[in-house]
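Going down the list, the protein sequences come from chains A and B. So for the first sequence, my numbering puts the first residue at 2; every next one is plus one. So for the second sequence, my numbering puts the first residue at 2; every next one is plus one.
Treat each hint with caution, since some may be false.
Identical copies go unnamed one by one, so any copy, or any two together, can satisfy a pair.
With a Cα cut of at most 25 angstroms, we get these calculated SDA-like pairs of lysine to any residue [as the list claims (entries may be wrong)]:
1. K70 <-> K149
2. K151 <-> K186
3. K134 <-> E326
4. K166 <-> I41
5. K272 <-> G238
6. K192 <-> E321
7. K248 <-> K265
8. K196 <-> P71
9. K119 <-> E250
10. K20 <-> E237
11. K88 <-> T201
12. K186 <-> L112
13. K186 <-> D300
14. K265 <-> D80
15. K192 <-> L46
16. K48 <-> E63
The set of hints was computed from the structure by calculation and includes no laboratory data.
2 protein chains.
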Amino acid sequence: MKIAIDAMGGDRGTEVTVKGSVDAVNELGVNVVLVGKEEIIKKELSKYKFDKSKVEILNANEIINTDEKPVAAIRRKKDSSMVKALKLVKDKEADAIVSAGSTGALLSGGLFVVGRIKGIDRPALSPVYPTEKGVSLLIDAGANVDCKPKNLQQFAIMGSIYAEKVLDINNPKVGLINIGDEESKGNELTKESFKLLKETKVNFYGNLEVREIPKGECDVLVCDGFVGNTILKLTEGLASSIFSALKNEFMKNIKTKFGALLLKSGLKNFKKRMDYSEYGGALLLGVKGGVIKAHGSSDEKAFKNAIRQAKIFSENNVVEIIQNEIIKMEGDNG
Amino acid sequence: MKIAIDAMGGDRGTEVTVKGSVDAVNELGVNVVLVGKEEIIKKELSKYKFDKSKVEILNANEIINTDEKPVAAIRRKKDSSMVKALKLVKDKEADAIVSAGSTGALLSGGLFVVGRIKGIDRPALSPVYPTEKGVSLLIDAGANVDCKPKNLQQFAIMGSIYAEKVLDINNPKVGLINIGDEESKGNELTKESFKLLKETKVNFYGNLEVREIPKGECDVLVCDGFVGNTILKLTEGLASSIFSALKNEFMKNIKTKFGALLLKSGLKNFKKRMDYSEYGGALLLGVKGGVIKAHGSSDEKAFKNAIRQAKIFSENNVVEIIQNEIIKMEGDNG
C-alpha cells in the first residue's frame with residue numbers, strides 16, 4: 002500500500018504534511034511518497050524517527066496556490082507537488098493521493114490527470130459528517146458548485162456504494178437535502194432531482210429537511226457542492242463559535258470554573274465528536290483512483306486520518322465497485 | 002397601531018397565535034385583528050384577560066396548508082385567514098400582518114395581495130441571525146429559492162436599509178455569502194453578484210465565507226433563498242442537537258450534575274443567545290406593507306416577538322424609506 006502525499010499543499014505546509022505522513026507510516030504501516038521541494042521535506046523528516054524504507058521523496062519545484070484558476074494551474078504546473086503526486090496515481094505507482102491543497106485544483110487534477118470512472122459525469126467530494134447517531138456521508142461537499150439533477154443522481158449512487166462498502170452501513174438511507182420535506186418544496190434542482198431519485202436503485206428516504214441533518218436520520222446526504230460546502234463550513238464555524246461562547250461562560254468566576262472542571266471529560270468527549278479532524282479528509286468519488294482532499298487547515302492528526310482513509314479506500318477496491326455498479330445501474334436505467 | 006393576525010397559521014395553531022397576540026396586546030399596547038374561525042378564536046380568547054377594545058375578530062372559514070401550491074392557494078382561498086389578513090394590510094385597515102403559516106403562500110400573498118414596492122423585482126424574507134457580536138440580518142432566507150444576480154443586489158440594498166433604519170446599525174457591512182473569500186470562488190450566481198455588488202451603493206465587504214458567519218463580521222448576509230434557508234435551519238438543528246448532547250454529558254453522574262448546576266445560569270444565557278424565538282419572525286422586505294413571517298413552529302413567545310417586530314417596522318416607516326432609496330439608487334445606476 003503506497004500513498005502519494007502532496008507535501009506542499011495546505012494552509013500549514015510541510016510541517017503538518019510531513020509529520021502527518023510520518024505518523025501514518027509509524028501507526029498505520031503504509032508506505033508514502035512525499036512529493037514537493039526535496040530540501041524542505043528532508044529538513045522536516047530529519048526531526049522524526051521512522052522506517053526509512055517506507056518513505057520516498059519525489060522532488061517537485063512548483064506549488065499550486067488556492068487562488069489560482071484550477072484547470073489552468075493543473076495544465077501549466079507540470080512540476081508541481083500536486084500534479085506529480087496525481088501522476089503517481091494515474092501511473093499506478095501509488096494507490097492514492099492525499100492533498101490539503103486547492104480543492105478546485107485537486108478536482109481538476111482528478112479529472113484531467115487521474116481521469117473519471119466510465120459513466121460518471123461529475124466526480125464529487127464526499128466527507129463524513131458527524132451526527133447524533135454517528136456519521137453521515139455528505140455528497141457533494143464542494144466539487145461541483147453548479148449541478149444538474151443527473152449529477153445528484155450519480156452522487157446518490159456513489160455515496161450509497163461508499164457508505165455500504167467502506168463505512169459498512171447496510172442498505173444506507175439516501176436523503177435529498179432540501180429546505181422542506183414535502184415533494185413540492187425546494188428549488189428547480191431539488192424538485193427535478195427528487196423525481197430522478199425516486200426512479201433510482203438506492204434506498205431513497207425522500208427530502209431531508211436541513212434542520213434534521215444533525216439527527217443522523219439519513220446515511221447519505223445528497224446536495225449540490227455549494228449547498229454541501231455551506232453545510233460543512235457552517236457546522237465548523239458554529240461549533241467553534243459555540244465552544245468559545247461556552248468557555249466564556251465557564252471562565253466567568255470561581256464557581257463556574259469549578260463547575261467546568263467537574264464537566265471537563267464530558268466536554269472533551271463532546272468536542273471530540275464535533276471535531277471534523279477526527280474524521281480525516283473528503284474523498285473525490287468518481288475518479289479512477291483514491292483522491293483524498295484533507296482539510297486546508299488540517300493539523301497533523303487530521304492529515305494522518307486522511308491517509309488512513311486513503312488506505313481503507315484502496316484496500317476495499319471502491320473504485321472498481323463503483324465502476325461495476327454504475328455500469329450495471331446505467332444498464333438497468335436504459 | 003393595528004396588527005392583522007393570521008390566527009390559523011403555524012404548526013401549533015390558535016393556541017399559540019391567540020396567546021401570543023393577547024400577550025402582545027397586554028405587553029406592547031398594540032391593537033390586533035385576529036383573522037380565522039371565529040368560534041375557535043373566541044374559545045381561546047376566553048382563557049385570558051385583556052383590554053377588549055384592543056382585540057377584534059374577523060371570521061374566515063378557510064385555512065391555507067403548507068403543502069398547497071402557494072399561488073393557487075392565495076388565488077383560490079379568498080375566505081382564508083391568511084388572505085383576509087393580507088387584505089386588511091392592502092386596504093390600510095391594518096399596518097402589518099403576522100403569520101406563522103405557509104412561507105410560500107405568505108410570499109405569494111405579499112406579492113399578489115399587498116403588492117411589491119415599485120422597482121423591487123423579488124421581495125425577500127429577512128430574519129435576524131444571532132452571532133458572537135450580536136445579530137446579523139440574513140437576506141434572503143427562503144422566499145426566492147432560484148435567484149438572479151439582480152435579485153441579490155436588491156437584497157443587499159433592502160437589507161442595508163433595514164439594518165440601518167430599524168436595527169440602528171451605522172453604515173452596515175454587507176457580505177456576500179460564499180464558499181470562499183476570493184473573488185474567483187463560488188457558483189455562477191455569486192460570481193456575477195459579486196461584480197454587481199462592487200458597483201452598488203452599499204458598504205460591500207466582499208465574499209463572506211460561510212465559516213465566518215457566526216463571528217458576526219458582517220451586518221447583512223446576502224444570499225439566495227435556498228442557501229439562506231439552509232443556513233437558518235442548520236443553525237437551529239445544530240443548536241438543539243448540541244444542547245441535547247451537552248445535557249447527556251451533564252446528566253451522566255452526580256459529579257457532572259453538580260458541575261452543571263454550578264454552570265446553570267451561564268448555560269441559560271448561552272442558550273438564550275442561540276434561541277431564534279428570542280428574535281421573533283422574518284420580514285418580507287420589498288412589499289407595500291409590513292408582512293412578518295413567524296416561524297412555523299413558533300411558541301407564544303416567538304409569535305409575540307414577531308408582533309413586536311411588526312410594530313417597530315411600521316413605526317419606522319421602513320416601506321416608505323425602501324421605496325425612496327430604491328428609486329434614488331435605481332436612478333443613480335441608470
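Going down the list of hints, with the structure as the test:
With identical chains, the CA atoms of K70 and K149 are at most 25 angstroms apart both within one copy (22 angstroms) and between copies (24 angstroms). In this homomeric assembly, K151 and K186 come within 25 angstroms of each other (Cα to Cα) both inside a single copy, at 19 angstroms, and across copies, at 24 angstroms. In the homo-oligomer, the alpha carbons of K134 and E326 never lie at most 25 angstroms apart, since the shortest distance is 28 angstroms inside one protomer and 50 angstroms across protomers. When the C-alpha separation of K166 and I41 is checked against a cutoff of 25 angstroms, the pair qualifies neither within a copy, at 38 angstroms, nor between copies, at 55 angstroms.
Taking the shortest alpha-carbon separations for K272 and G238, both the intra-copy value of 13 angstroms and the inter-copy value of 17 angstroms come in at or below 25 angstroms. Taking the shortest Cα distances, K192 and E321 never come within 25 angstroms of each other, neither inside one copy (31 angstroms) nor across copies (37 angstroms). For the homomeric pair K248 and K265, the shortest alpha-carbon distances inside one copy (11 angstroms) and between copies (14 angstroms) are both at most 25 angstroms. Within a single copy, K196 and P71 get their C-alpha atoms only as close as 33 angstroms, which misses the 25 angstroms cut-off; across copies the closest is 20 angstroms, which meets it.
Proximity of K119 to E250 under the C-alpha cut-off of 25 angstroms is found in neither arrangement, the shortest distances being 54 angstroms within a copy and 48 angstroms between copies. Proximity of K20 and E237 under a CA criterion of 25 angstroms is satisfied intra-copy only: 24 angstroms inside one chain copy versus 38 angstroms between copies. Taking the shortest alpha-carbon separations for K88 and T201, neither the intra-copy value of 34 angstroms nor the inter-copy value of 45 angstroms comes in at or below 25 angstroms. Taking the shortest Cα distances, K186 and L112 sit within 25 angstroms of each other only across copies (19 angstroms), while inside one copy they are farther apart (33 angstroms).
For a Cα distance limit of 25 angstroms, the shortest separation of K186 from D300 across copies, 24 angstroms, qualifies, whereas the shortest one inside one copy, 40 angstroms, does not. Taking the shortest Cα distances, K265 and D80 never come within 25 angstroms of each other, neither inside one copy (48 angstroms) nor across copies (58 angstroms). For the identical chains of this complex, K192 and L46 are neighbours neither inside a copy (52 angstroms) nor across copies (41 angstroms), given an alpha-carbon limit of 25 angstroms. For a Cα distance limit of 25 angstroms, the shortest separation of K48 from E63 inside one copy, 24 angstroms, qualifies, whereas the shortest one across copies, 75 angstroms, does not.
Against the hints set out earlier in the document, violations occur for numbers 3, 4, 6, 9, 11, 14 and 15.
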